[in-house]
Structures are given as structure tokens and as C-alpha cells.
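Visitor: Protein sequence lines correspond, in order, to chains A and B.
Under the numbering used here, the first residue of the first sequence carries the number 51, and numbering increases by one thereafter.
Under the numbering used here, the first residue of the second sequence carries the number 20, and numbering increases by one thereafter.
Because the hints were derived from the structure by calculation, they are not lab data.
By construction, the Cβ of each residue, glycine as well, lies at the ideal position given by its N, Cα and C atoms.
Certain hints may be false.
Quick partial rundown of chain A residues pointing at chain B, CB under 8 angstroms, derived from the structure [claimed, not checked]:
| no. | residue |
| --- | --- |
| 1 | PRO59 |
| 2 | VAL60 |
| 3 | THR61 |
| 4 | SER86 |
| 5 | MET87 |
| 6 | LYS88 |
| 7 | MET89 |
| 8 | GLU90 |
| 9 | ILE91 |
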Amino acid sequence: MSIERLPSPVTGLVWKCLATVGAHLNEGDTILLIESMKMEIPVEMPRAGVLKAILVQEEDAVAEGQPVAEIE
Amino acid sequence: MSDNPALAELEQRRAAALQMGGAEAVAKWHEKGRMTARERITAFVDAGSFHELGMLTGKGRYTADGHLVDFTPSSSIMGNGDVEGRTLMVVADDFTLRGGSSEGAVAEKWIYAERMALEFRMPLVRFVDSVGGSVKILEQAGRTKIPGYALWPSTALMGAVPVASVAFGACVGLGAVRAIGAHFSVMVKGQAQVFAAGPPVVKQGLGHDVDKEALGGHELCTRISGAILNAADTEQDALVQVRRFLSYLPTNAWQAPARVVSGDDPTRRTPALNTLVPDNPRRIYTARKIVEAVCDQDSLFELAPGFGTSLRTYLARLDGYAVGVMLGDPAVMGGALTRAAAQKMERFVDLCDSFHLPIVNLVDQPGAMIGLDAERAGTLLAAAKAGAAIEQASVPWVSIVIRRAFGLAGSMLGPWNGPNGTSLNHRFAWPSARWGSIPIEGGVAAAYKREIEAAPDPLARRAELEAYYHRLSSPFRTAEAFGVVDIIEPADTRALLCRWARDASRLTQTQLGPKRRTLR
Numbered sequence: 051m052s053i054e055r056l057p058s059p060v061t062g063l064v065w066k067c068l069a070t071v072g073a074h075l076n077e078g079d080t081i082l083l084i085e086s087m088k089m090e091i092p093v094e095m096p097r098a099g100v101l102k103a104i105l106v107q108e109e110d111a112v113a114e115g116q117p118v119a120e121i122e
Numbered sequence: 020m021s022d023n024p025a026l027a028e029l030e031q032r033r034a035a036a037l038q039m040g041g042a043e044a045v046a047k048w049h050e051k052g053r054m055t056a057r058e059r060i061t062a063f064v065d066a067g068s069f070h071e072l073g074m075l076t077g078k079g080r081y082t083a084d085g086h087l088v089d090f091t092p093s094s095s096i097m098g099n100g101d102v103e104g105r106t107l108m109v110v111a112d113d114f115t116l117r118g119g120s121s122e123g124a125v126a127e128k129w130i131y132a133e134r135m136a137l138e139f140r141m142p143l144v145r146f147v148d149s150v151g152g153s154v155k156i157l158e159q160a161g162r163t164k165i166p167g168y169a170l171w172p173s174t175a176l177m178g179a180v181p182v183a184s185v186a187f188g189a190c191v192g193l194g195a196v197r198a199i200g201a202h203f204s205v206m207v208k209g210q211a212q213v214f215a216a217g218p219p220v221v222k223q224g225l226g227h228d229v230d231k232e233a234l235g236g237h238e239l240c241t242r243i244s245g246a247i248l249n250a251a252d253t254e255q256d257a258l259v260q261v262r263r264f265l266s267y268l269p270t271n272a273w274q275a276p277a278r279v280v281s282g283d284d285p286t287r288r289t290p291a292l293n294t295l296v297p298d299n300p301r302r303i304y305t306a307r308k309i310v311e312a313v314c315d316q317d318s319l320f321e322l323a324p325g326f327g328t329s330l331r332t333y334l335a336r337l338d339g340y341a342v343g344v345m346l347g348d349p350a351v352m353g354g355a356l357t358r359a360a361a362q363k364m365e366r367f368v369d370l371c372d373s374f375h376l377p378i379v380n381l382v383d384q385p386g387a388m389i390g391l392d393a394e395r396a397g398t399l400l401a402a403a404k405a406g407a408a409i410e411q412a413s414v415p416w417v418s419i420v421i422r423r424a425f426g427l428a429g430s431m432l433g434p435w436n437g438p439n440g441t442s443l444n445h446r447f448a449w450p451s452a453r454w455g456s457i458p459i460e461g462g463v464a465a466a467y468k469r470e471i472e473a474a475p476d477p478l479a480r481r482a483e484l485e486a487y488y489h490r491l492s493s494p495f496r497t498a499e500a501f502g503v504v505d506i507i508e509p510a511d512t513r514a515l516l517c518r519w520a521r522d523a524s525r526l527t528q529t530q531l532g533p534k535r536r537t538l539r
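Let the sequences and hints guide you as you build the complete structure.
Guide: Written as C-alpha cells, this is what we have:
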């Protein structure tokens, strides 16, 4: 199984981390929420897997495309 | 073989033309999983409807005393054919001959196809698969020529008839221009690339090594540059997409689009939409559900699904009437109008205006994208150009504010005056709609900064002020002043739009003729 890095879909601020590292998550589960343009934009699991790492902290500024999580 | 020598020669030359690059070249081509130019044309047009023109164009080889030895056809095949009974011009590059080099094509021939499309006012479809110029041709000609083609009506064509292109393989230089200069363009994933020059020329000119897929494959062209609108998984899929695109458009700008009634009840209510937009204004929703619910079943065809995706653009039908639909997507960049979305909007508005497709604008717009990257990308310039395209559109237009309409981008609902000065900017809203010049939170924090800081409980005071202003921004207050025509129950959206589409179609019948919106 390979590690996949998930990018932020938007430029903004990390608002909330919702999942814990090591958790087994399903496709579509929200890992964290980015706040941008006054909206909460979710970073979701593209498929079922394990959340290996969260690469950012709450209140970090992120750019569109910046890796924010690693899954396996 | 005929007894008459002239007829025999005609048969010989025509048979050679059908061979294209020869059996070996065709076999190699098939091994790569590609269709030949002739196979693509056959697969595209209605069965048996292709009438080829210019079959005898090419190069003959002769004996010393002038007898024909053999004949190599030009690498461009063209003629007219029908798609769903409507005649159009199709021109296809034949890669089995000299890599489809544009200078082996006998330019007069493919240009004639385009001139004929313009003169007879019928759509033009280009199947592009060519590597551009070749120095070997230069040797044969014995001289260079200034690039360009005096007779090629590429710009005028786009204001007169639908132009569609398929990038089947390498589309380089002129080939890239022919792929890009279309109302609808589609490229086949993994085998098509579109660029000004390929890796060898880039290496020569810049000293950089770059892979051709990275330089001009579908990822770059349909997602980053937007130079090509759509991508197809297979060659067959690309042909299906072109046929689909053409089905919404009239044959030319002098005609209205055809109505295709599906039987989907125009008064059908869509109750699921009543609960689509979350109460929490920060939560996103799946915007596509709106267009899927309100448009005729299976009538959606998305243009540029990978580019500028905070805006979605569709060709669709409402009660059988062909329309263009724009939809704000809050799931992408918060729905903000990015540089790419603004470019996409400008191009889409021009397309719909040119071919009399009334426009539905479903608005959820927080404003132009902000921040350093957005400014460096020239977002406001792109937004201003899109706004100009809207204001220049005379095609009937209706907008429904689904949720937000803020700032410059939020003002771009529809034409405020239009080219004739009589546009209504016909606009409705869902009860979830909120609009203004600036968002309440930022506005309160700025205007009441001192009062909030001086208050015994600043957070409470700020919340109190924000709540007050939120009540002032109820859309019903705007409706009291006729700032919107109406606020509607989301479940009634289809009925409203179908009724409008009937009136809009009647209006377009009085607007027929070219608007001259070519590629800007």
C-alpha cells in the first residue's frame, strides 16, 4: 500500500481537524476543514484507508494544492 | 478497371486516395489503437452520409515522359456529412501520411472546407492529428513563405457557425490553433497533446527537457490552461461528445436552436431542493443537484468540467428548449470567481449569445477570489472581461440567487442594460439568498471597531451587532423594494424556469442573425 498525499482544495486557513491520526476512515469521511471565502471546505478521504498523518495545524495558512494529509 | 483511359486513371487515383498512407502505415496505426482519418469520419457522421471533396488532391509521381506511376493523397481528408440529419463540413488530418504534416496537406483543401462551412452556413468539425511544419517540405518547395493563410476565415467562422474540434493526437503549431479555435474542443486522454511546439523544439529553444504529456496533455490543457474544453477517454467518446454538443446548437447563427421535447413535465416540483442549502451559511452543498433536478432529465452536457471549477457551465434543456446554464459551486474555492472561472464564463456567455441559447445563471457567488495568487493571476481583469461579455449579450437571461451575491462578481448576475439598453436583468432568489457589497462580519468589525473594543463584553457586542445586520439583510426586505422580481420556493424552480424558457425561446426568434461574438 502506498502513501498518498492529499492536497488542500483551496487557499485559506486550517479551521478544524476532525479525524485522528491512525484512524481507519471510509471514502468521503472528512479529515479536516479549511476555511476560505467564509466557507468550510472539507478535505475528504478519496477512498477508504488509514489516516497516516495530518501535515498542518489548526490556524495554519494553506495554499491551494498544498499537501495537508497523508493516507494509506 | 474502365476501358476509357481517363476513367481508368480516375479510378486509379481514387483507389490510391482511399489507401491513405498505405497498408503498412495503416496497420501500424491500428496497432497503436487509433482509428484512421477515414474511420473517424465514418464513425462520426450519420451512416452513408459522407460526401468527400478534393479526393484527387495530393502528389503524383511520373515517368520521364509524363505517365503517372503512382499517387500519394494529401494528408487532409474533407467533405460534408450529416449529423442527426443536419449537414456539416468535416475535415480530418491523416497521420498515416508524413505524420499528418500540415504542409503535406495542401492547405487550399482544408481551408476550402472552412470557407465552404462559412459560405453555406453550416457547422465545421475538425479532426486534428498533425505535427505541424516540416523542413523537408521546404526542400521540395525551394523557398520559404511567410506563415499564415490569406483565405482562412477562422475568426469570421466562429461568429457564424458552430465550430468543433477533436484533438486525436499531436496538435502542434497550426494544429494546436485549429484545435483551440473552436466553440467546443475535446482531446483524447493519453494520446492527444496540444502545444505551440513539442519537446524537441522546446529543448532547442529553451534547453529544457520536458515530456510531451506534461507539456500539453489533457491535465494541462483541460485543467490548467483551459485551452481545450473537454477530455475524452476514447476516440469514440470524443466523437459522441461532439455530436452531443452540436445537438444543442442551431446549424448557424441565422437560425434558432431546435426544441427537443423529452416528456419531462415542465411543472414538475423539486421538493428536495427545499432542504439542499444548509442553514449554517458556512456549510457547502452539492450544487450539481440543482441543475440535475430542474433541467429536463438527462439533458445536461457539461463544458470545461475540469477548468475554473468554481463555476459550472452546461448546455441543457428546459421543457425541450436548449439553454446555457451557469452554476456557482461553493465546494470549489468557496465558489469564488477565480481568473479561470471568469475566463470560462466569458467564453460560455459568448457561445450562448452567438447561437441564441437563453442563459440561466444560478448564483452562489462570494466575490472575486482574493489574495496574492489571485491578484498575480489578474483575476479582476478576467472578471471585468466576463462582465463585459454579459453586458454585451442580448440573448434572454434569467438569474436565481441560490445563496450569495457579493461584491463585483456578485453584481454579475445578468446584463443590467444590455446592448439595446432594454435588458431586464430578470432576477429571482431562493429564501436562502443573501447579498450585499461586503459580508456582514467584516463590515461590522470595520465600522464598529471602536465601539466594540470599548464595550464591557466585546464579543457579545459584536455578536449583537452582527445579528442586527443579519436581520437587515433578509432577502424579503429587498423584495419589498422590488430589488428582486420574486423570492421563490426552491421546489418551484423548474416550473419557473420552464415557463421562462418558453418566453425566452419566442424572444430569440426575433433576434436571429450573427452577433459576431468570435474568439476574443
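Visitor: All the hints need checking, so say for each whether the structure fits it.
Guide: So, going through the hints one by one against the coordinates:
no.	hint	in the structure
1	PRO59	7 angstroms, holds
2	VAL60	5 angstroms, holds
3	THR61	6 angstroms, holds
4	SER86	5 angstroms, holds
5	MET87	3 angstroms, holds
6	LYS88	6 angstroms, holds
7	MET89	4 angstroms, holds
8	GLU90	5 angstroms, holds
9	ILE91	6 angstroms, holds
Comparing the model with each numbered hint stated earlier shows that all of them hold.
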